[in-house]
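Visitor: In case you want the letters, here they are:
Protein chains: 2
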Amino acid sequence: VTRLSPDLDRAAAAVRDAESPLGSRRGLFEVPEGIVYLDGNSLGPLPRSAPDRLDEVLRGEWGTGLIASWNTADWINLGRRVGARIAPLIGAAPGDVHVGDSTSVTLFKTMVAACRLRPDRRVIVVEPSTFPTDGYVAAGVARLLGLDLRWCDPADPAAALDDDVALVSLTHVDFRSGAMFAMADVTAAAHEVGALAQWDLCHSTGAVPVDLTGADADLAVGCTYKYLNGGPGSPAFAWVAPRHQAALDQPVTGWMGHARPFDMELEYAPTDGVGRLASGTPPVLALSVLDAALDGFDGISMETLRQASLSLTDYFIDLVDARLGTVLEVITPRDHARRGSQVSLRHEHAYGVVQALIERGVVGDFRSPDVARFGFAPLFVTHTDVYDAVEHLVAVMAGGEYARPGYAVRNAVT
Amino acid sequence: VTRLSPDLDRAAAAVRDAESPLGSRRGLFEVPEGIVYLDGNSLGPLPRSAPDRLDEVLRGEWGTGLIASWNTADWINLGRRVGARIAPLIGAAPGDVHVGDSTSVTLFKTMVAACRLRPDRRVIVVEPSTFPTDGYVAAGVARLLGLDLRWCDPADPAAALDDDVALVSLTHVDFRSGAMFAMADVTAAAHEVGALAQWDLCHSTGAVPVDLTGADADLAVGCTYKYLNGGPGSPAFAWVAPRHQAALDQPVTGWMGHARPFDMELEYAPTDGVGRLASGTPPVLALSVLDAALDGFDGISMETLRQASLSLTDYFIDLVDARLGTVLEVITPRDHARRGSQVSLRHEHAYGVVQALIERGVVGDFRSPDVARFGFAPLFVTHTDVYDAVEHLVAVMAGGEYARPGYAVRNAVT
Numbered sequence: 499v500t501r502l503s504p505d506l507d508r509a510a511a512a513v514r515d516a517e518s519p520l521g522s523r524r525g526l527f528e529v530p531e532g533i534v535y536l537d538g539n540s541l542g543p544l545p546r547s548a549p550d551r552l553d554e555v556l557r558g559e560w561g562t563g564l565i566a567s568w569n570t571a572d573w574i575n576l577g578r579r580v581g582a583r584i585a586p587l588i589g590a591a592p593g594d595v596h597v598g599d600s601t602s603v604t605l606f607k608t609m610v611a612a613c614r615l616r617p618d619r620r621v622i623v624v625e626p627s628t629f630p631t632d633g634y635v636a637a638g639v640a641r642l643l644g645l646d647l648r649w650c651d652p653a654d655p656a657a658a659l660d661d662d663v664a665l666v667s668l669t670h671v672d673f674r675s676g677a678m679f680a681m682a683d684v685t686a687a688a689h690e691v692g693a694l695a696q697w698d699l700c701h702s703t704g705a706v707p708v709d710l711t712g713a714d715a716d717l718a719v720g721c722t723y724k725y726l727n728g729g730p731g732s733p734a735f736a737w738v739a740p741r742h743q744a745a746l747d748q749p750v751t752g753w754m755g756h757a758r759p760f761d762m763e764l765e766y767a768p769t770d771g772v773g774r775l776a777s778g779t780p781p782v783l784a785l786s787v788l789d790a791a792l793d794g795f796d797g798i799s800m801e802t803l804r805q806a807s808l809s810l811t812d813y814f815i816d817l818v819d820a821r822l823g824t825v826l827e828v829i830t831p832r833d834h835a836r837r838g839s840q841v842s843l844r845h846e847h848a849y850g851v852v853q854a855l856i857e858r859g860v861v862g863d864f865r866s867p868d869v870a871r872f873g874f875a876p877l878f879v880t881h882t883d884v885y886d887a888v889e890h891l892v893a894v895m896a897g898g899e900y901a902r903p904g905y906a907v908r909n910a911v912t
Numbered sequence: 499v500t501r502l503s504p505d506l507d508r509a510a511a512a513v514r515d516a517e518s519p520l521g522s523r524r525g526l527f528e529v530p531e532g533i534v535y536l537d538g539n540s541l542g543p544l545p546r547s548a549p550d551r552l553d554e555v556l557r558g559e560w561g562t563g564l565i566a567s568w569n570t571a572d573w574i575n576l577g578r579r580v581g582a583r584i585a586p587l588i589g590a591a592p593g594d595v596h597v598g599d600s601t602s603v604t605l606f607k608t609m610v611a612a613c614r615l616r617p618d619r620r621v622i623v624v625e626p627s628t629f630p631t632d633g634y635v636a637a638g639v640a641r642l643l644g645l646d647l648r649w650c651d652p653a654d655p656a657a658a659l660d661d662d663v664a665l666v667s668l669t670h671v672d673f674r675s676g677a678m679f680a681m682a683d684v685t686a687a688a689h690e691v692g693a694l695a696q697w698d699l700c701h702s703t704g705a706v707p708v709d710l711t712g713a714d715a716d717l718a719v720g721c722t723y724k725y726l727n728g729g730p731g732s733p734a735f736a737w738v739a740p741r742h743q744a745a746l747d748q749p750v751t752g753w754m755g756h757a758r759p760f761d762m763e764l765e766y767a768p769t770d771g772v773g774r775l776a777s778g779t780p781p782v783l784a785l786s787v788l789d790a791a792l793d794g795f796d797g798i799s800m801e802t803l804r805q806a807s808l809s810l811t812d813y814f815i816d817l818v819d820a821r822l823g824t825v826l827e828v829i830t831p832r833d834h835a836r837r838g839s840q841v842s843l844r845h846e847h848a849y850g851v852v853q854a855l856i857e858r859g860v861v862g863d864f865r866s867p868d869v870a871r872f873g874f875a876p877l878f879v880t881h882t883d884v885y886d887a888v889e890h891l892v893a894v895m896a897g898g899e900y901a902r903p904g905y906a907v908r909n910a911v912t
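If you read the sequences in order, they're chains U and B. Per this note's numbering, residue 499 is the first one in the first sequence, and the count goes up by one each step. Per this note's numbering, residue 499 is the first one in the second sequence, and the count goes up by one each step.
Treat the hints with care, since some could be wrong.
Which chain B residues face chain U? A few, computed with CB under 7 Å, are given here [to be verified]:
id : residue
1  : I565
2  : S602
3  : A745
4  : P749
5  : V750
6  : G752
7  : W753
None of these hints come from the bench; they were simulated from the model. Beta carbons are placed, not taken as given, at the ideal position from N, Cα and C, and that holds for glycine.
Hey, can you work out the whole structure from these sequences and the hints?
Guide: Okay, structure coming up:
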C-alpha cells in the first residue's frame, strides 16, 4: 500500500472541514450516527426543523384552522412562496418559478407547452443517457402531438439540431456519470436554429450554480427531494423564461391555473405568468416540508456551495486515484466545468461494491449496469466523510467483499 | 316562533347520536371545541392519529432509514396499498385503484386514456354545472386531441349521447347542489351508444355508497381530502375497469408507470394494470397521512355510513323546513336516491349567511352565486351539531346578520 501524501490524509480532511464556511450547516440535517451519506442526490436527509414545522401545519393550521387555513395560513400561495425561495438557486426571478406536481408531470406540461410555442416544427431532441423519465415523457409527448423524437449524442447535442427541431430537452447534470452540459452553449446552439432549450435541473439544483437567466434558457424543471432535501416524493418546480410566459399554453388546464379559480367560471382562462402551470390543489404538507428544508440554503451563495462541492469531489477523486486508481475508473469529468456534484466509478461488480459499502455504513447507489454513484451534497457531507468512505472502499476492494453471493437485489429510487 | 315538534328537538338529536353506530368515531378526528364543522366536504378534519404517524415517517423512515426506506418501509408500493384501502369504499377490487397525482392531473390522464379507447369518436360530454376543473380539463383534452366538447343538460345527460361520443365524464355528486346522478343508468345509456362513462367521485367517496363494478362504469377519479380526510392537497385516486386496463394508454408516461422502472431502459413499456397511471415518484408524506386517515373507515360498511349521512341530512332539511322554510330554499334533492351527503340552501345573501355562521362557529361554505353549502360527514358530524347549526342559522336570518357590510371577501378552496 502506497503511503498517502499528507495533504490527503484524515488530519488534512479535518482541517478542511474546520475551515469550511458550511461547517455549521451539517447540524441542520439528520444524518444518523455512523453513516456516511453519499446519496443526497437521490434522497436528501431529513432537515431537523421539518418534523416540528409539519406538526405545526398539521395540528395548528389543519387541525385548528381547518378550511380557513387556505387563507389564514396562506396555503393558497404556498407553492408560489416556495418557488420564490428556489429562484435564487437557479438564476431566476422570484415570481417565475412554479412548484406543484411530480417531476414527470411537470416535464410533460412544459414539454407540451414548449412544442406549442414552435407549432411549425416537428422534432423533440433528447439524449439517450438522460434519466429515463425524461426520455419516456418526451416520447409520450411526441406521440401525443404527432412529432418525432430524435436522440442526440450527449457528447455533441448541437449536431442533432436543425430547422425541424421545436425543443431540445436535456438533463443539466447526468444522473449516472455526473457529467454537466455547458448550458449556455447548448442553449445558444438551439436558438441558432430557432429551437427552444429546456433543462432538467434534478441533479443540479442546490449543488451546482445554475443561471437560467444568464444562459438565456427557455424552460426548466427540477426535482426537490435530492439536493433540496424536500423529502420523499416532494413536488417538482418549473421555470419559464419571462418572454414565453404570456403565450405559455400547457395542456393540463385545471382550476388552480385559472385566472379566477374561485369564481368557478365555465370557460378556462389561464392566469398570468408561471402560475398557469398549476392544475390541481397544491400539496400543502409536502410544500411545507420543502419550505422548511430550504432554510438550509438561507444566507449562503451558490458560489460558496459550489466551492465546497468541488473541494469534496476533488478530494474523493484524488483519494480514489491515489489508492484505487488501478481497480476503479472515475467516469465523472475531472474538468470542473463539466462536473456536477457527484462522482461515479465504473466497475463490473459495481452493484456489489455499493452493497458492501452500505453494510459498512457508506451509502451511495448503484446505477445499471456498472456504475457506483456517490453524491457530495455540500450542506452536510464533510471531507472527513470522504476520507472514511474511501477507507471503506479500499477495504471492500481489497477484501473482495463486493463479490459476496447475497448481492442480487437492486436498490430503489434515484 | 313555532314550537318545534318533540322528535326534532335537541333532546331527540342527542338520543339519535347515542344510538348511532358511528358515535365513537368522532373521537378519531380533531374538531376544535365550539366548532360545528360542516365543511368536511371541502377539507376533512385532521385525523388524530396523523401527526404521530407522520412524525414516525419523518424521523423514523426518512430520518433514520434514508434512501433505504423505499424498500424497507415499502414506500415504493405505498400508493398501491392506499389504493387498496380506498377500493372497498367505491365498489372496486383492491388492485384496481391508483393513487398519486392531483385530481386535475388524474382527470387529464384518464380522460385522454378514455378517448384513446374510442379513437374513431370525436366528442367528450360534460355538464356545465360540474366542478370547474372537470370542465376545464375536459376542454383542454378536447383541444389537445382535436375533439369537440359537448355540454349536456344535467337533468338529462343521456340526451347528449350519440354515436360520436367517446366519453361522458360526470361528477357523481354535484359540488354545488349535492344532487347525485344515477350512476348505473347514465353508464348504461353511454354504453348503449358505444361511449365510455367516467365518474368524478370527489363528492361521493367516503360518504355515499359507490359501486363502480355494479354500475359497470368505465373509469373513475376521486379526491381524498374531502370525506376521506387526507389533508390539504392530498393526492387523488383513479379507478379503471379491469376490461380496459390492458389497452389503457395514458399520456404522461413517466418512469413510475414503467414495467421495470429501475432497469432504466431506453423505451417506455407500461406496467400491467392501473399502475401504468403512475408518472413520477409517489408523494410519500401525503400518502402516509392519507393511509392514517383511512383508519377511520375500518370496520364499518358504506351502508352504515349512508344511513348515518341520510339521517343527518334528513334532520337538517326537516329543521330548515320547520324553522326557515319561508326564507331559505333547499336546492338539494329530497329524494334519497338523488342526494349526496350535503345540503345546499339558496339565498341571495348566501355569502353573508355563511360568513355570519362562521363567526358563530358553524363552518359551511359559499358557492357562487347564491348557495350556502353544508356537508354532513357521517364520521364526525352529529345530530346535535345539526340542531345547533340550525339554531345559529335561525339567529342569523332573524337578526339580519347576513347583511353586515364586512362580508365582501369570498372564501377559498372547495
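Visitor: Work down the list of hints and note, for each, if the structure agrees.
Guide: The hints, checked one at a time:
Residue-level restraint check for I565 of chain B holds (minimum Cβ-Cβ distance to chain U is 5 Å; threshold 7 Å). The interface hint given for S602 of chain B holds, since its Cβ lies 3 Å from the closest Cβ of chain U, which is under the 7 Å cut-off. For A745 of chain B, the shortest C-beta to C-beta distance to chain U is roughly 15 Å, which exceeds 7 Å, and the interface hint is violated. Look at P749 of chain B: its Cβ gets to within about 5 Å of chain U, closer than 7 Å, so that hint holds up.
With its C-beta approaching chain U no nearer than about 5 Å, V750 of chain B sits inside the 7 Å limit, and its interface hint holds. Annotation: G752 of chain B was flagged as interfacial toward chain U, and the flag holds, the nearest CB pair being 3 Å apart, inside 7 Å. The interface hint given for W753 of chain B holds, since its Cβ lies 4 Å from the closest Cβ of chain U, which is under the 7 Å cut-off.
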